[in-house]
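Asker: Chain residues, written in single-letter form:
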Amino acid sequence: MNAPGTTEPTEVITRARAGDAEAWGELYREFAPAIFRFCRRALPTREDAEDATMDIFTKLRDKLGQYDTTRSFSAWLYKVAANHCWDMLRRRKIRQDKETDDLENVPLEHPDPSQLERLMEQRTSEEVRKALEKLGARARMALVMRYYSDMSYDEIADALGLRRAFVGVVLLRARHELRQALEGSSALAAGGAS
Amino acid sequence: MSEMPKGKMQHLDEMTCLMYIERQLDRARGLEVSAHTQECDACRTLLGALERESRLLTRAMMEEEEPLPSRLAQFQERARNSMQWIWGLVFGLAATGVYALYTGYVQPWQQQLEQAGFGGSNLLGLLIFQGAFWKGWQSMITLLEVLAMLTLAGIGVAFFRRRIRRGSALALIFAGFCAVLTLPTTATASETRKGESARVSAEETIKGDIFLFGDRVKVDGTVEGDVFLFGHDAIVNGHVQGDVFGFAQTLQVDGKVDGNIRAFTNTLTIRGTVAKNVLTFDERVNLESAGKIGGSLTVFIDYLNLEGSLGRDLLVFGKHVTISGKVGRGIREKGSELTITASGEVGGPIHYEGDTPAEVSPSAKLASPVEFKKLVHNREYRDAHYYVWRVIWTAAFVLFGMVLFLLAPRFARETISAAELYGAPIGLGILVFFGVPIAAVIACVTVVGMPLGIFTIGFWLLMLCCAELIVGAVVGNWILGRATDTWGMIGRMALGFVIVRIVYTPLAQVHVLGLLAGLGIWMWGMGAISLAIYRRFQPVIAPGMPSAPFTPPMPPNTTVGGALPA
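Top line first, the protein sequences correspond to chains A and U.
Taken in order, the first sequence gives residues 2 to 195; the numbers are from the working numbering.
Taken in order, the second sequence gives residues 608 to 1173; the numbers are from the working numbering.
Hints should not be assumed to be uniformly reliable.
Said to hold, decoys possible - Output of the computed footprint for chain A on chain U, the stretches with three or more beta carbons under 8 Å from beta carbons of chain A: (1) 650-660; (2) 663-670; (3) 1126-1137.
Since the hints were made in silico from the structure, they are not lab data.
We treat Cβ as the ideally placed atom computed from N, Cα and C, and that holds for glycine.
Please model the entire structure based on the sequences and the hints provided.
Answerer: Below, the structure is given as structure tokens:
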């Protein structure tokens, strides 16, 4: 899960765990922008993202001792961030009723492939970001975890408190919501296949 | 595969396609999907569209649209880390401050007052500092000392943390706690007796404290510690060298008590000797002619009949008081009636605030005439005007809050966020509430610091006014959730503020509760404001913090476009 050309900052992590403030500063400088962006995508406001980023790094300091050095640090960091953001959202009861629907009974309608293809060609990143802001908390959280921080289905299920089998459903529903937000109507998502 | 409505060919459903591109299908199913897409244009197009959608999502999320906020760029974990233990320091300093205040100011004043003849007549001093009711105040002061020492120990541990392993530090702390905890256990010993009739017999001597629970509880022997009585009828015939705490329907003291008596009873009768003070909440108290109290008597009662001898002051909150015995010093009464009979004798001033003037026998021996003041019952809260003014003030405060929130929405948001941390703002609030005025007064003592002192006091008062608004905003957030815009924040503040006022208005009529609730609100709000200010001015330790350039540190490396089975 590391950027190309970058390696896990193992030595820095070891020093940070030993209480080296400079090493901690290095870790912060390296990972804070990515974590802020993660929070910015996952949380409703910029202020929330700022607060969450600071809280995550504060929490991280205490939790650094629990980090298993044989695993990816960035993956672990995203897991901490995802848990924190989801806790934040859950505490505020932002999850809406539709998100607590029975996932097993979700109708999975077939979109029109060519229409979907066209939509994806026409939309810009900025439009997608704006559409993401309109999604429900769980849908957005799931998309961010999967497509920003590349978390596995198991990790997503763990963070959202879902059964693993429903992660795909949540992601698909999130995509449908996103398409609706991009289209401004539900025509595409509900359209039939040719 | 699902049957699609527009054609006869069976197509893959979207979930299957998604699972396929996400590599979540087992190999056999993956091969089936792969084979199908070789023949089906529609499904192949759908797979392509889904992949494109995944890429678009990743790109949109990874792209930098705004720089790292300066607040985060300046955020340094070294400073934040200090916040981990700074609250311990804050509490410790607050405790030390209170202790210093007590030893430096309150205690000398109290001694001076006592020397001037006012000792024991001040309820606050009596309750809090003389320990007339709760002996534990002394322990509280000791606790404050312990807290101050623990703070110093904590700082020491933090200082040596680099040199000693975390486990060692924890062991050190726990060992310290254990040492502190073991001290009182070796110093005290207590015994408990329960039953229909629990007693200490005449020939017995109890070395420590004793707790007696029963319908009838009785002390005929000697107790070298304190006696705690819980029962219907309680009698002390023997000798108690400590204090007597009574929770009973009737408490009768015929023996000798070397300490104090603190009682919650219906009727308290004293025929024996109490060397120190008596404080009691009763319907009726009788100090009979044989009874003697060496210290002061503080009573919250309906009826007091004093025929015996009282060494020092009498403080009464009650209805009917009759003095037929001797009061060594003054009387201060707030009640309905005061009668001093011919055998009554009072050695100090008499301040009486009541409904009717005191009835004093011409034969009574008084050091000075009774100073009477007609009692004015505070029925403000029964007056409609009171509520009208409360509404007006509430509206004014909401307006004030609205202006402040509009002037500094970002700071208001930060302050509310700080208030939602609960522990930290309340801890800091205690320090600010007590510490800032003291610091301002000290600053005012020097001519150079006077403007600073006045400014500090002014700012402190402003924080005091804003505190309730902040607490209101938090309450509003509890109800409606956090707002994303300024007007939403103002609406929540207004709603929460009104609720706080509605709850606080009746609570304020209950003296102690009202005071505590008020202090709690002020400290919480002031602490939140202070914390928000602190965060604003956090030191920048690493000025070279990058804020704008985007360097993707962790690309998603999604499974999109993964190898399709042939």
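Asker: Evaluate each hint against the coordinates.
Answerer: So, going through the hints one by one against the coordinates:
Given as covered by chain A, the stretch 650-660 of chain U passes the check, having 8 residues with a CB less than 8 Å from a CB of that chain where 3 are the minimum. For a cut-off of 8 Å, the count of residues in the stretch 663-670 of chain U with a CB near a CB of chain A stands at 8, and the three-residue condition holds. Evaluation of the coverage hint for the stretch 1126-1137 of chain U: breached, as 0 residues show C-beta separations to chain A shorter than 8 Å, against a requirement of three.
Violated hint for the displayed structure: number 3, the only one.
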